[in-house]
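Peer 1: Chain by chain, the residues:
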Amino acid sequence: AQSVTQLGSHVSVSEGALVLLRCNYSSSVPPYLFWYVQYPNQGLQLLLKYTSAATLVKGINGFEAEFKKSETSFHLTKPSAHMSDAAEYFCAVTSNQAGTALIFGKGTTLSVSS
Amino acid sequence: EAGVAQSPRYKIIEKRQSVAFWCNPISGHATLYWYQQILGQGPKLLIQFQNNGVVDDSQLPKDRFSAERLKGVDSTLKIQPAKLEDSAVYLCASSLMQGRTDTQYFGPGTRLTVL
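First to last, the protein sequences are chains W and V. Taking my numbering, the leading residue of the first sequence gets 1, the next gets one more, and so forth. Taking my numbering, the leading residue of the second sequence gets 1, the next gets one more, and so forth.
This is chain V alone, in the form it adopts within the complex (with noise of 0.2 angstroms):
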């Protein structure tokens, strides 16, 4: 079974400028998560999709962070305009359904730094 596909792996941009990260979850799985993960922390839920809904974006900066999960598969995550503080690395993690005891299963992050 393949796992969650995220590009690309590595990003380098200036303040200011706007980036996208992509993200394929495994085949069949309801729901999907982007996370923030900065150097020395733990993970920090974005935005949360149940197939093409949004269920919780409390936590995204919606100023200048956007979301969209077309179709119910892959999903996107934009930054416009970029911050220094953004720099992390962004997790997209996939489950089968919602269940609090669900599994979550993760990407492999696409390291964002904002020079």
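Looking at chain W on its own, in the form it has when it is part of the complex (with noise of 0.2 angstroms):
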């Protein structure tokens, strides 16, 4: 069965500091896999995705994703903070069973400070 894993429920950074969190997946069959934010009170809105044409993958809001499989990860990045990346990140796979539904992780909370 497909499952995500996020290392780190809180990640702080400065703003124009690295940004960098961690997803690493489980997949018996090749995966797709996500990258949404959540602001607070809204719903999710998707940042990247890998769907193996490219395994680097540019987003919205200058972030990027690599897939590398040797590693089982799909790390999430932005070489600059801003304060308005403060927001929760969820990493997903799609599921490989019935339907097509995301699995996704608990999610990484980013703060930014000035």
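Because the hints were derived from the structure by calculation, they are not lab data. Treat the numbers as computed from the prediction; the structure is a model and nothing was measured. The reader is advised that the hints may include incorrect statements.
To be verified - 25 angstroms max Cα-Cα, derived SDA-like pairs, lysine to any residue:
#1 V/Lys44 - V/Gly72
#2 V/Lys71 - V/Gln59
#3 V/Lys44 - W/Met83
#4 V/Lys44 - W/Leu46
#5 V/Lys71 - V/Gly3
#6 W/Lys58 - V/Gln98
#7 V/Lys44 - W/Arg22
#8 W/Lys69 - V/Lys78
#9 V/Lys44 - W/Ser114
#10 V/Lys62 - W/Gln2
#11 W/Lys106 - V/Thr101
#12 V/Lys71 - W/Met83
#13 V/Lys11 - W/Glu88
#14 V/Lys71 - V/Lys15
#15 V/Lys15 - V/Gln59
#16 W/Lys58 - V/Met97
#17 V/Lys78 - V/Thr101
#18 W/Lys106 - V/Asp102
#19 V/Lys71 - V/Asn51
#20 V/Lys11 - W/Arg22
#21 W/Lys58 - V/Tyr105
#22 V/Lys44 - W/Phe67
#23 W/Lys106 - W/Thr51
#24 V/Lys44 - W/Ala86
#25 V/Lys44 - W/Thr108
#26 V/Lys44 - W/Gly16
#27 W/Lys106 - V/Leu112
To be verified - Which chain V residues stay away from chain W? Per the calculated CB distances, all over 10 angstroms, these:
#28 Ala2
#29 Trp22
#30 Asn24
#31 Ile26
#32 Pro43
#33 Ser66
#34 Pro81
#35 Thr103
For each residue, glycine too, the CB sits at the ideal point set by N, CA and C.
Dock chain to chain to rebuild the complex, using the hints, since each chain is given by itself in its own frame.
Peer 2: Written out as structure tokens, the structure is:
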């Protein structure tokens, strides 16, 4: 069965610093991986997704993620944090069961200080 | 393009009462999902529809939860009777098709508090 593990429930960075949010997956089939962001009292918004076309995936708001099969990882990065990046981030993998639901990690809360 | 609409946004009920949530997906989206997000956790699928047929409801507590998607557009999720552990945010999402790489678009959610 598919699963996702997000390392670190809370990450704090200074404005302008590198953002690194970690995600490791477990999958019995080639995975399709997603990063979503959730702002307070809002739904989830897609940042980027890996669909096997390219291992380095660029998303919105300057975020990118690299798929590394050997490490079973799909870490999210951004070179320079902005105050507006403060939110909760979820890594997810598509289920390979009956449907196509997303299986989410527990999330990482990103705090950005000035 | 209008996003996924959900109502109500907030609901407070007593345990053993019933409650219903409504979702209107993005126009033309064939696939609709209901997820439950408990505080401090990621969303977990309750049920997936393809048009008006159920694709996956393996994680839906069918003794108390029910869902329907009449005419393959709007959907309602009902809880009857509610338990304390049902306190969560209920998210509706839709996607154009049912591919494993299709983007799911989420609504703002309904926050349910069961007292």
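Peer 1: Which numbered hints does this structure break?
Peer 2: 3, 8, 9, 12, 14, 17, 20, 26, 32 and 35
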